[in-house]
Amino acid sequence: MSDTFQLDGKSVPFEAGQTVMQAALAAGHYIPHLCYHPEFKPHGSCKLCTVKVNGRTMASCTMPAEANLSVESDIDELNDLRRTLVQMLFAEGNHFCPSCEKSGNCVLQALGYDLEVHTAGFRHMFPERPLDFTHPDILLDFNRCILCELCVHASAEVDGKHIFAFSGRGIDKHLIINSTSGQLKDTDMALTDKAMQVCPVGVILKKRVGFSVPIGQRRYDKSPISAQALVDAPRTGAVHE
Amino acid sequence: MTILAQSNDENLSQILARYDHNPANLLQILREVQESQSFIEADSINYLSQQLGISRADIEGVAGFYSFLHLQPQGEYRVLFSDNITDRMLGSQLLMEQMCQQLWLQPGKVSEDGLVSINTTSCTGMCDQGPAMLANGRAITRLSHQRVQEIGQLIRNRTPVADWPADFFQVEDQIHRSGPLLDNQLTAGDVLRQGLLLGSKAIVDVIKESGLRGRGGAGFSTGLKWEACRNAQGDARTVVCNADEGEPGTFKDRVLLTRQADLVFEGMTLCALAVGAQQGFLYLRGEYRYLLEPLQDVLQRRRERNLLGNNILNQPGFNFDIAIHLGAGAYICGEESALIESLEGKRGVPRNRPPFPVTHGYLQQPTALDNVETFCSAALAIQLGDENFRAIGTEKSSGSKLISVSGDCPRPGIYEYPFGVSVKQVLQDCGAVNTRAVQISGPSGMCIAENEFHRKLGFEDLPTAGAFMIFDDSRDMFGVALNFVHFFAHESCGFCTPCRVGTSMLKQTMDKIAAGHGTRHDLNEIEHLDQVLQISSHCGLGRTACNPVLHTLKHFRPAYENRLKSLDFEPAFDLDGALARARQMTGRDDAGAHLKSEGI
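Heads up: the sequence lines are chains A and B, in that order.
Here my numbering is used: the first residue of the first sequence is 1, the next is one more, and so on.
Here my numbering is used: the first residue of the second sequence is 1001, the next is one more, and so on.
Check the hints yourself; a few may be wrong.
Said to hold, decoys possible - Ranges of calculated distance between the beta carbons of each label pair, as one might list FRET restraints:
# : chain 1 : residue 1 : chain 2 : residue 2 : range
1 : B       : Asp1576   : A       : Ile215    : 46 to 54 Å
2 : A       : Ala67     : B       : Glu1460   : 32 to 40 Å
3 : A       : Asn79     : B       : Leu1186   : 53 to 61 Å
No lab work stands behind these hints, which were simulated from the structure alone.
Cβ atoms here follow ideal geometry from the backbone N, Cα and C, with glycine treated the same way.
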């Protein structure tokens, strides 16, 4: 028999080594999240999955599950926080959903709908972030980058290529490419890379594909992310170290 | 290969050899490259990448994290004005303007001849003898109109910084009140001999019994920390001394490292004996680069006296040595897990905890990490015995504490008190009059007003890492908060959403109020941002980044409200301001080149 903890009053079983997020998803309970990806070691940067444990707030994706914890997630205070964090991410970058190829498949947009983010909330920062269109098959639109780090890990840990890294600090933190020119064409990035598949937003795109699936019939058009995340969640699964 | 490229590779290979080609020393390698080249060229990064087996993007990422490492050409002379509020109060902004005019350049830019670049930097720890600057990394104090003019001349004449007048680089200790730490007449090795007699477990017990708590601010029991590290599973233990004294307004570790370096190293070696560590690091903030050689001399002397190295004091198997790592301009590295990342040559991003450094620290091995003053106090606790140590200070804050006093008072400098001294007493001792507010423990600490001056420094009441900045009734407390908010935005590591975006938004909103476009809506937004930062930030930086605003709003709300327009909402966009660039380009500044009303 495995141990359990309480999530919003419901009993959640867990195995040793699982985080609160992993156990919750495996048991069919949704905690909103953005930078967490079931196949990668969680690092807890987006803070959308913040929960309250015995009155203290912490990221559920990195918090080890322990027996008899009392975890609160679906409460007004935390949903307000999540809405604000989504607004902050929208304000930080340049997100123009109607013209974005990722619209309907975008995790940030889907969270915006699901958490009922109805307004911009903050003044947008309109940063200048030039595109990288140098690669024959792949386009990078940094305007949409939310610094989730998934491409960095996918490229390093699965593809063994180390194509992406972060430079800068604070609001100037940004993705960089592993080549002297700083351009993607001078790397060995390929369409078959895992790094092609993990971007939750529309930064890493396959060229010459435009709206082949019409808007309205895309992933999160069919079911909201809160339902979709549970379908995608592995009941057991290997995590890339 | 050109001769130039060849000599560059030679230079790099020498640096690499000094650091054993060890990727964990990447930050130290980059720092030396920066010192020898004024900026880190793409070719250098490629070479290092090849030699160290780290991707070039990862190297660039590390270089891009630290303020003192540059990936773009900088001036031959790099001048950084310390931008703490105390420097500003002493007129640093005017002095910087003066120097920019003298040398014909704009802040943040390199002069057209590539000779010089001028910018600001976070507090350099010279608040009691400011305004201060760093010239090619060397600390200069007591800037005045005349001194700045002389420096401008020296730069114009291309005089190497090493040949500038020695009194520019004079850093005074300015000790106005001393106690058992500063008066300590330790004979190097005495505490270690006592420690060896006690045995390692008994050392931990004495430290625990002494009630010593970490002097970096958080106040965790030092004895418990050492015990946990001692009991942790691991192959190689490490002792780390946090000398990354970055909290604006704090400079007591600088004085301890200058006056009592032996006491610091004695404390570290004692800790090594207690926890069973063989390797030690002193992580010294880059701003204190000038202390590197003197400290290395002290280490060398200790090696010669058999107080470091193998079989210390002829005790078989007691092997321990200390290396000094320098920071490179990142406040966040004062956070213990970020410091360890930085020691490992990475970007200084705080780790997820648990696990804590005592079990998984440097290279994932058990690590005892303490502040400079904590190690000194630990040595003192062994020297005096736990009972005598506990007799100093208060029940929950034993021992004495160094306070760094700066701001509006005639006698700024270092004051050592037993814990429990009142704010009022410190103000009286340093001669402060008409005091409006005191910022305790720096921007991340507390701002208190006159009605709280009876409060006492100590973990029971006002915990402090040592900063004590005084503001008299001529000071605008909104301006103080504004300076601190800019500091946090500049120093956020950028890892988590709330701190990366929130500190930047807080800065924008405060700037909007400062520019006279603020409204009640903006005060509400500030309170909203404060809340988000407090509950969801990854580390202490984000959680405390809103403190300066929260505390000044609480005590000095009129300082904010006087600046507000009486509207409910006012856009930040300033139509007339947007035309400034056009005016600059056309060289016009007459009435016709301005819109009649401000804002929209």
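Item to complete: Compare the structure with the hints numbered earlier in the document and write down the numbers of the violated ones, lowest to highest.
Response: As far as the earlier hints go, only 1 is violated by this structure.
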